[in-house]
Every structure is written in C-alpha cells, then in structure tokens.
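Q: Hey, can you work out the whole structure from these sequences and the hints?
There are 2 protein chains.
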Amino acid sequence: MNSTADALQTTSDSTETGAQQIRDAIREAIVERRLSPGTKLSESDVGNLFNVSRTLARAALQALSYEGLVSVEKNRGAFVAYPSPEEARQIFAARRLVEPGILKEAAERITPSQVQHLKQLLLEEGRLMAERGQTARRAEIKASGDFHLMLASISGNLIMQRFMEELVARSSLVIALYGQSSVSSCGHAEHGDVIAAIERKDIETACHLMLHHISHIEADLDLRERKSVGLREAFEQ
Amino acid sequence: MNSTADALQTTSDSTETGAQQIRDAIREAIVERRLSPGTKLSESDVGNLFNVSRTLARAALQALSYEGLVSVEKNRGAFVAYPSPEEARQIFAARRLVEPGILKEAAERITPSQVQHLKQLLLEEGRLMAERGQTARRAEIKASGDFHLMLASISGNLIMQRFMEELVARSSLVIALYGQSSVSSCGHAEHGDVIAAIERKDIETACHLMLHHISHIEADLDLRERKSVGLREAFEQ
DNA sequence: GTGCACTATATCGTATACAATTATGCTTTC
DNA sequence: GAAAGCATAATTGTATACGATATAGTGCAC
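Taken in order, these protein sequences are the chains called A and B.
Counting from 1, position 230 in the first sequence corresponds to residue 618 in our numbering; the numbering is continuous, with no gaps.
Counting from 1, position 61 in the second sequence corresponds to residue 449 in our numbering; the numbering is continuous, with no gaps.
Simulated from the structure, these hints should not be mistaken for lab results.
A portion of the hints provided could be inaccurate.
Identical chains share a label here; the pair holds if one copy fits it or two copies do between them.
[Claimed, not checked] Calculated pairs, SDA-like style, for lysine to any residue (alpha carbon to alpha carbon, straight line, at most 20 Å):
| # | residue 1 | residue 2 |
| --- | --- | --- |
| 1 | Lys589 | His505 |
| 2 | Lys462 | Ala527 |
| 3 | Lys530 | Gln568 |
| 4 | Lys462 | Val440 |
| 5 | Lys492 | His600 |
| 6 | Lys462 | Ser603 |
| 7 | Lys462 | Ala518 |
| 8 | Lys462 | Gly406 |
These numbers come from a predicted model, not from an experiment.
A: Here is the structure:
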C-alpha cells in the first residue's frame, strides 16, 4: 500500500501467491485491531471470506502462527493470539533489547532524505491523532508502529527488520488486550524527541529516549493476571 | 523411509502433527550440514521420503522458509537456502546486536545448576572435537550452537530464544557455504571464557568476550562475492 | 433432576485429483 | 550446425474428498 509496506517486502514477486495475500489481509486486520484477540478463525470461514479453498486459508493461518499473531491448537482450530501477561512482558523486553541496537545502526547510516521521511511519518501520525473516527484511529495505530519499522528499515538489516515487524505486530495485540489509557499509542511526542536526537547525531540520548518510550508504552498496560486461565478458554471461540 | 525419519527425530512429541515432524527432521539435516545449500527439495521427493502426501511435505517446506532455512520460489520449488554474503553479514550483525543483551539477562538469572549444565555442554563439545568421525563432527556443530541457545533459554525470554534458534540455524548454513578453516566451530575455548566470566559475575567482560567470539566466527568466513549469481542457479537443482 | 453414555455435527488432518506453470527435448528452418 | 518454435514431461498451485477428532446435543438410567 504505502512506501513503508513496499520497502518491507523482501522478495515480493509481482504475483503474490494467494495464501500470502490472505495472510497479509488477516495480519492487517489483527494489527489494526479489527479482529480481537481470541477470535476464532475457522479455516472454512476464512476460505469462504476470501473465496478460496481451505487449503489456502490453512496455509495463511499457519503462516500467521509462525509470526505469533495466531495460535493454532491441534484439532481445535486457529484463534487470534491472546498473549498472556508474561508473554506481553517478554515482547517488550525483547523490544528493549533490540531497538537500541537497531537505532544505533540506523542513526549511523541515515540520510537527510530519510530523516525527512521520518518527520513526514510523524506529521501524519499527529494528524491522525487529531481525528476522531474509527478508521483514523486504526491508521494512527499503524503509523505509530511504522515509525519503529522505518528505523529498522533504515538500519539496513533485513533480519532485524523482519523481527521488528513481528514485535510491533504482537505489541499491537498486547495493547489491544491490556491497554488502559484511551491514547493507545501514547508516545507521539517521544517519537519526535527520538528523531530530534538522531538529527543532531546524539545517538546515546536517542537510545535512552527510545528505551523510555518503550517502557512508557508498557507502563500503560495493566498486566495483572486475570482470574483463572481456564476462563479465557471459555470465551476464545 | 521411516528409518530416516526416526533417526532424525530426537524428541518426537506424539502430539506433534506430521508436518512439524518433517520440518524438524529437515531442519536438523540442514543444520548438521547433511543437506547442502542450494539442494532442491521437491515436494514429491520430500513426501516420498517421509511416506506422506505432498500436502504435508509442502507445509513443512513452507515452515522452513519462514525460518530462512529454505527458499521457495514461486512455481519453481523449494531449495535449501543459499545465503548471499550480504545476508551472511546481516546474520552475524544481528547476532552481535542481540547476544550481548541475551547474555546480560541470562547472567542475572542464572542458577548454579545452570552453570553446571553449561559446563557440561562445553565438556561434551570438547569431547566431540577430539573425535574424527562424520557423526562426531555433526554432533559437534550441534553442540556448538547449543551453547548459544542454552544462554537464550536461561534468559527466560521465549521470543528471543526462538529468534536465536533461527540465527544459529542460519549461521550453520553460512558456515557451510563460506567457512574456510577446517575447525568450523572454532570458538570452543571462547565458550569456556564466557562461562568463566559469567560465573564470576563479570557481565561486562562476558559480553565483550561474546562479541569477540561472534566476530571470530565471522572472520573465518570468506565472504567475497562469488562469480555471477546466475551460476548459482545453474547448480541449485 | 442429575449425571453419564451415546449419537450427531462440525471442524480439523491428510490424501488425492486436476489445473497452471515451468522445464525439457525434439523438430524444423535458415 | 545453430537457433527458434512447438510438443511433451515434470513440478508446483489450488481445489475437492475422505477419514479422524473434538464438541454439543439428546436420551436414558438412577
């Protein structure tokens, strides 16, 4: 769709196979929180929805399970992932572990035009925050994640880029589940601060700001254990 | 035949679905370098080898492609991944980026019994280095990687653990392709040094040792670009 | 009325079948 | 003899079919 998404595609043949298209469509729905955690994704339903056979639907669901966005239970089916509080903590721990390193790499290689691109993304993010519609909120969620993905892309390491895509997507699920404040992507201003630090080549500060930013997102979550785990099962389909 | 599958399957959970078993078997074969990079993995051949249908073979190959161990080309088939020199550099860059962080986490949480376990792994590694058989060499490769995976496991972060599994597996492919010295897993002594530093809680030194260790592995590679890329295509099936 | 057993239904797991695409080899022509 | 084009074979892409497993609904016994 946008340049970011295109840049993230590693080896995309112009003709993506059917399963990949379905996978991407479902992933987008999950990340934009149109699909709630725990929602059952029946192979037949998915197939019917996209007018393909169960074969392709199944392949797409399998792919999403490798990314941690969908959990497939043997002989029971696929569900939009329902990350546990512990899983949520590990996701943010992983982000704190890798994002400073990615930021360092990115700051060393960044070009002026890429800085402009980052600022543009920030502007777009701010514009969407002002709006009040559902679609605007969804676009805002996406833009907020795109900031982190853009940095990974600038770092030039495709492996870290793919890993960040997974972490950002899973973060979206976690926020959907445990987020408290109405402003889900609270760190808009913090994004700007990071860019500013990058621009004046103050990498050390940029890393610290990034770490605080990630911790702030996590701090907005309510990660207390919910009742019994069995209860979750009762609602997951 | 079954004998092959059984021999490869070390920890066969009865609950694992067929495709997963096949995936694990092929992955092990790739990591232990019984399958060379570029080898064609035809769906029919894989299916016949494991006495299953193409459906399961295809699913297993897809799964391996998500891990970066197999590359599937549309309408052309699956091949054992043939990482480019650039890809190899990115793999090691990623390892340098994440392993110090993992090590820090692990060092903070490690228990005395886990230290013993690490030492035991090191001993096993050394024993295998002394032997001269093909199977010993394969086991050595595995043990060498297991050291890094064990640290990830001790860190307690499942996400980083899975990521490290991918990186270690792909490193094995890279070493198979570009490794020069006969001693492929050269860093046996370095593993010991890292453990020693961990044991005396000198985390800073441990991280530095780990970084050097990773760089040493990479330094043993010959990552100069090979002739034309087209040539590779000529041999890959 | 409660609990258990059994059947019925829906969904997943796997195999097979057919369509689409690519690779191969032969023939033909210059 | 070399190159181009067509026909054939091989392989992948996708759909359908059948068996296996879990869920739920019903009826019976107590």
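Q: With reference to the structure, classify each hint as holding or not holding.
A: Hint by hint, here is what the structure shows:
| no. | hint | result |
| --- | --- | --- |
| 1 | Lys589 - His505 | within (17 Å within a copy, 44 Å between copies) |
| 2 | Lys462 - Ala527 | neither (34 Å within a copy, 32 Å between copies) |
| 3 | Lys530 - Gln568 | within (18 Å within a copy, 45 Å between copies) |
| 4 | Lys462 - Val440 | between (22 Å within a copy, 18 Å between copies) |
| 5 | Lys492 - His600 | both (16 Å within a copy, 19 Å between copies) |
| 6 | Lys462 - Ser603 | neither (35 Å within a copy, 41 Å between copies) |
| 7 | Lys462 - Ala518 | neither (44 Å within a copy, 43 Å between copies) |
| 8 | Lys462 - Gly406 | between (24 Å within a copy, 11 Å between copies) |
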